[in-house]
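Heads up, the sequence shown is in my numbering, so the first residue is 1 and it goes up one at a time.
Just so you know, these hints were derived from the structure itself, not from any lab. Owing to the predicted nature of the structure, the values given are computational and were not obtained by experimental measurement. A couple of the hints might just be wrong.
Pair ranges (Cβ atoms, derived) [claimed, not checked]: (1) D66 x E224: 36 to 44 Å; (2) A29 x V125: 31 to 39 Å; (3) D209 x T253: 58 to 66 Å; (4) D201 x V38: 39 to 47 Å; (5) D66 x E221: 34 to 42 Å; (6) P22 x V125: 28 to 36 Å; (7) A170 x S255: 42 to 50 Å.
Here a beta-carbon is modelled for each residue, glycine too, at the ideal position from N, C-alpha and C.
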Amino acid sequence: MTQGRRVGASRIAVAAPFTSYPSYLRRLAGMLRRARDVAVDIIPYDLDSAAAADEPLLDVLPARTDASGLIVMGVPLGGAARRASRAARIPVVYVDVVPAKGDIGGPVVLVDDRDGGEQIGRHLVELGHRRALFVHEPQRSPAYVSAGMLRIEGLQRHVSVAPWAVDGPAEIDQRLLRAAREAGATAIVANHDRFAAAVLDVQRSRPEDERLPVVGYDDGELAEGLGLTTVRQPFEESGRTALELALGLVAGTSSSRDTVRLAPALVERASSLRGVTLSRP
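Construct the entire structure; sequences and hints are all you get.
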């Protein structure tokens, strides 16, 4: 992402499913803004989505021998890649990768998705809801803890949840509304704003008083333009924090292996307030 290599600059490789999830591009933007102020070159690598993989692990390090640090977002490192990073003495920082057990070999930057789910759940309860349909992408492997799993956990602390998996926004149609009706759901929660936008589009043909309230997750221009209630994630801050951790490890000024948790925030807009009117308990 730089015009040639700057003399004396560190090179940080950043691997993530950029083309699968635009949110990782926003995290990358946070790194690039921070990189303006320090001597660092950012080299991005696109990965497959972990949710779409039978074995959601990055087993081969990005093919650069001159990278002084690695930031991995959204995909856990496999054992072979971890051993390779240690052998090459390349420090690794993880973003949006939940440690399954114990130390994963480097610091972790997370947004507290369980709390994000709880914030949605409390919001729905305040509006009188007791059951929600949760729209998410399929997760083929149980070998890692995804953000969606944590969001469901938080949501379930307040309302009953009926999961509904769909490959992508283009697959959302009237079947989703039938599934919500059959599940007794009075609201729809989407794992990403793009899914929520598709739900809103499907409901446009229905009378206003028959449209189910919709809540998304991520926030950005799409959500703002649609009046979508959602959970705002500090994407740019998470990217900036990850880069600062990586630079500290490369420079030897830090040896942190801690987990940094950033707070999400519910943003209330019209989409969760429209539709059916429920009596409060």
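Results of checking the hints against the structure:
no., hint, verdict
1, D66 x E224: 36 to 44 Å, "holds (41 Å)"
2, A29 x V125: 31 to 39 Å, "holds (35 Å)"
3, D209 x T253: 58 to 66 Å, "holds (60 Å)"
4, D201 x V38: 39 to 47 Å, "holds (43 Å)"
5, D66 x E221: 34 to 42 Å, "holds (36 Å)"
6, P22 x V125: 28 to 36 Å, "holds (30 Å)"
7, A170 x S255: 42 to 50 Å, "holds (46 Å)"
This entry satisfies every hint, going by the numbered hints stated previously.
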